[in-house]
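Asks: Chains A and B are the protein sequences, given in the same order. Quick note on the numbering used here: the first sequence kicks off at 1 and runs consecutively. Quick note on the numbering used here: the second sequence kicks off at 1 and runs consecutively.
Hints should not be assumed to be uniformly reliable.
Claimed, not checked - Simulated coverage check for chain A against chain B, where a stretch passes if three residues somewhere in it have a Cβ under 8 Å from a Cβ of chain B:
1) 9-15
2) 20-26
3) 40-50
4) 60-71
5) 80-87
6) 90-104
Said to hold, decoys possible - Restraint ranges, calculated between C-beta atoms of paired labels, are given here:
7) A:S23 / B:T49: 22 to 32 Å
8) A:D81 / B:Y53: 35 to 45 Å
9) A:T35 / B:L140: 44 to 54 Å
10) A:G95 / B:E130: 31 to 41 Å
11) B:T27 / A:N18: 16 to 26 Å
12) A:T9 / B:T34: 12 to 22 Å
13) B:T139 / A:V22: 19 to 29 Å
14) B:A19 / A:R45: 11 to 21 Å
15) A:G64 / B:T84: 14 to 24 Å
16) A:D81 / B:T7: 16 to 26 Å
Since the hints were made in silico from the structure, they are not lab data. Heads up, the beta-carbon is just placed ideally off N, CA and C, and yes, glycines get one too.
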Amino acid sequence: MATTTATITLASSDIADNALSVSNTMTLTTAGTTTGITETTGLARIKMESTSLTDLITVANVTGFTAAKSAKVYIKNTGTDSAKFGIIGIGDSGGTPTNIGRLYGGDWMLFPWDGNSGEDITIDMSDATATIIEYMVFFE
Amino acid sequence: MATTTATLTLSSSDLLSNALSLSATQTLYKAGTTTGLDGIQYERMEVATGDIYDIVGSSQSNGIALGADKAHKLYVANKHTDETKYVDVYVATVNIGRLYAGDWMFIPLEVGAATQDVAVDAVSTSQVIEWCFLHEGKTLGQQ
Chain A
1 MATTTATITL ASSDIADNAL SVSNTMTLTT AGTTTGITET TGLARIKMES TSLTDLITVA
61 NVTGFTAAKS AKVYIKNTGT DSAKFGIIGI GDSGGTPTNI GRLYGGDWML FPWDGNSGED
121 ITIDMSDATA TIIEYMVFFE
Chain B
1 MATTTATLTL SSSDLLSNAL SLSATQTLYK AGTTTGLDGI QYERMEVATG DIYDIVGSSQ
61 SNGIALGADK AHKLYVANKH TDETKYVDVY VATVNIGRLY AGDWMFIPLE VGAATQDVAV
121 DAVSTSQVIE WCFLHEGKTL GQQ
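With the hints as extra help, turn the sequences into a complete structure.
Replies: Dropping the structure here:
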């Protein structure tokens, strides 16, 4: 068993009259237990140079992945241009994925992933400028 | 304009042969700009069971202005302490994953269609979630 933690800190001194300071740490565990997740894809980096909708993470390519558990996915757009983005979705690039949102340059996201059949994670870049996308899946 | 940052730290000393230590910080901007997000909604609530309930979306009485070209951000945390309890999180009709007790998520959110809400479905009673929605604008419902 491994111990992996993810901490988020949301902070602002001026979005409201009082400061915003949210901090939360979770330990990545297998579904319904306190046992730490022991499998990961490791941190991957992929260069996106096309505006074609494509699968960023395919369920079938994550060896040993079990759907509907407590997998977590980290994705980051390492670009620096605040006007360029990749749309992250759930579905299949051969169909019409459900869009979650846009990762602009420098943005990251972390979310739970059911990863049932046909629920790949897709990306659709706003332009063909070479952009490095990082991702990492924690799964069981 | 406000300045709001979201920082992630991922760490483990024993998941891999070498230690994992990853840190990422983003400033929350409006879509395609370097102007900070200036709308916020921060709530804590107990989720009823038996159905899927919208927490953020255009169909809410104080819903988000529709538009795919937005850079809203959403943080959701399951505050339950029983590790067997979870809420399913939906975007539109897709169950994207489970937030077990203690878990949190942080995602960008576009609302390109009126059906593109974020919703939760609690598998047991007394599950409290917290969520913070940082956004580009909402529309108050009429009385």
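Asks: Now tell me, hint by hint, if it's right for this structure.
Replies: To see whether the hints hold, each was checked on the structure:
Requiring three or more residues with a Cβ within less than 8 Å of a Cβ of chain B, the coverage given for the segment 9-15 of chain A holds, as 7 such residues are present. A stretch counts as covered by a chain when three or more of its residues have a beta carbon under 8 Å from one of that chain; for the segment 20-26 of chain A and chain B the count is 4, and the coverage holds. For the segment 40-50 of chain A, the stated coverage by chain B holds: 3 residues have a C-beta nearer than 8 Å to a C-beta of that chain, and at least 3 were required. Counting residues of the segment 60-71 of chain A whose C-beta sits closer than 8 Å to any C-beta of chain B gives 4, which meets the bar of three, so the coverage hint holds.
Counting residues of the segment 80-87 of chain A whose beta-carbon sits less than 8 Å from any beta-carbon of chain B gives 4, enough to reach three: the coverage restraint holds. Counting residues of the segment 90-104 of chain A whose CB falls under 8 Å from any CB of chain B gives 9; the rule of at least 3 is met. Take S23 of chain A and T49 of chain B: their Cβ atoms lie about 29 Å apart, and the range 22 to 32 Å holds. Roughly 37 Å separates the CB atoms of D81 of chain A and Y53 of chain B, a value that falls within the hinted 35 to 45 Å.
About 46 Å separates the C-beta atoms of T35 of chain A and L140 of chain B, a value consistent with the hinted range of 44 to 54 Å. Taking 31 to 41 Å as the suggested C-beta distance range, the pair G95 of chain A and E130 of chain B conforms, at roughly 34 Å. Between T27 of chain B and N18 of chain A the C-beta distance comes to about 20 Å, which sits within the given range of 16 to 26 Å. For the hinted restraint 12 to 22 Å between T9 of chain A and T34 of chain B, the CB-CB distance of approximately 21 Å keeps it satisfied.
Range check, T139 of chain B to V22 of chain A: Cβ separation about 25 Å, and the 19 to 29 Å hint holds. The supplied range of 11 to 21 Å is met by A19 of chain B and R45 of chain A, whose beta-carbon atoms lie about 19 Å from each other. For G64 of chain A and T84 of chain B, the Cβ-Cβ distance of about 23 Å falls inside the hinted range of 14 to 24 Å, so the restraint holds. The hinted window of 16 to 26 Å between D81 of chain A and T7 of chain B holds, with their beta carbons roughly 21 Å apart.
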